[in-house]
Amino acid sequence: MNTVMFAISVLLAVAMIGAAFITILAKRPATAMLAAGLVSLFASVLFLFMAAPDVAMTEAAIGSGLTTFLFFFVLGRVRGGRS
Amino acid sequence: MDWIAMGTGFTLILMGLYGALTNRNILRIIVSFTVADTGVNLVLVAVGYMHGRTAPILDEAVSAAQAVTRIIDPVPQALVLTAIVIGLGVTALMLTYAYKLYEVKGILDISKCKDLKW
Amino acid sequence: MIRRFAVFLLLLALGSIFVNLLMGYVPDSELNLTARYYAEHTAQDIGAANIVTAIVITYRGLDTLGEVTVLFLTATIIGMVLSQGQKHRALQRQLPPSGELLTTGSRLLVPLILLLGAYVFLNGHLTPGGGFQGGAIIASAALLLLLTDPLRRFSHRLISVVESVSGLVFVASGVLGILYAGGFLDSRILSTGTFGALFSAGVIPVIYSFVGLKVGAEFTSMLTNLAETEQS
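If you read the sequences in order, they're chains A, B and C. Going by the working numbering, the final residue of the first sequence carries number 108, and the count climbs one at a time with no gaps. Going by the working numbering, the final residue of the second sequence carries number 100, and the count climbs one at a time with no gaps. Going by the working numbering, the final residue of the third sequence carries number 242, and the count climbs one at a time with no gaps.
Don't read these hints as lab results, they were simulated from the structure. Any given hint could be a false lead.
In silico BS3-like pairs for lysine-lysine, Cα to Cα no more than 27 angstroms straight-line [said to hold, decoys possible]: (1) Lys96/B / Lys52/A; (2) Lys87/B / Lys52/A; (3) Lys94/B / Lys52/A; (4) Lys82/B / Lys52/A.
All of these numbers come straight from a predicted model, not from anything done at the bench.
Turn these sequences into a full structure, and let the hints guide you.
As structure tokens, this is what we get:
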């Protein structure tokens, strides 16, 4: 494993943990949902580095794409998540 | 790299659980669960990773004869493939119930749901 | 306050378990017995270039059948829960038009997205990808249509017919495996063909295509059921 890939994976890990912090701390639900989608997207790149292209594809299409849209569908229905 | 992914996965699980246990808004709880879900998948894939090997796909670069020494463990990948798809199903179900709760009671804050409290 | 303290305590305990796991983790230097079997036997027995696909469809085909069943149940429950109490919905909301760019762009992109989805699940046994990814891509085409026109209604009949037929084909080819090959969901009822060709690996491309259609139909039905809660 060369240094560039190592550096990129460290960067991805830091970005994922940062996005997860945003997810659990953000004030608005919409921000939290976008950050969760970002965690999934970075995870799919990390899967690609770990020689798992099948999993990377699934995570990018399902975990990052469809899940985020489902959240936004429901968020739009409940009028912004405020009660 | 597997160490980084595994550590990140464990951290994500802990953060997701923290968010799920401390938030009161149902939508935020579900979002936290998806973060924990991603963490579990990362850990599982990292367990199957081996240094200096390639993906379990046979082609010109990796012939069938040398597959045993060249590819990584395919079983965790098949497992995680299932886990991601089921994860979306679980998330969709949780969101549906959250929406139904909002429709019936008009609230998203679980601390205001006192029906089952005693 | 005491609640937050309990949460911290729980996470601390879990965290210490995780740290122990991480410290004690020794990466394998060789494939374990199961993985070694799959690596040695997939190419000659199944004929699929993508070993993950061979595991998902043939070696652990029963798991995939269960997974598809769980997805089907999820889609059904979502439809059932959301269909109740929708009659007394009178207020009409005027939606803003979605804009020229989105309308024209989706008209251009939807066929291409469907084509990509079909490509992904037809080549699932050769390249990364397969039924679940292809199904998600097909569902994203439906998503794009819903974004352009939130009041668009998909034919529930078509979705359920596609879903049931795909499920039936999946189970039927599994039963054919009992009759003509080694057991339930054995993919060798067709010849394994030449390694690396499109029509190879027995019945895997057929099964994975129908899994893709089924997963696409299920995701689409989830999305449309959620979308139809919009007042119309």
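Right, here's what the structure says about each hint:
1. Lys96/B / Lys52/A: 24 angstroms, holds
2. Lys87/B / Lys52/A: Distance ~23 angstroms between Lys87/B and Lys52/A Cα, so the pair holds.
3. Lys94/B / Lys52/A: 19 angstroms, holds
4. Lys82/B / Lys52/A: 23 angstroms, holds
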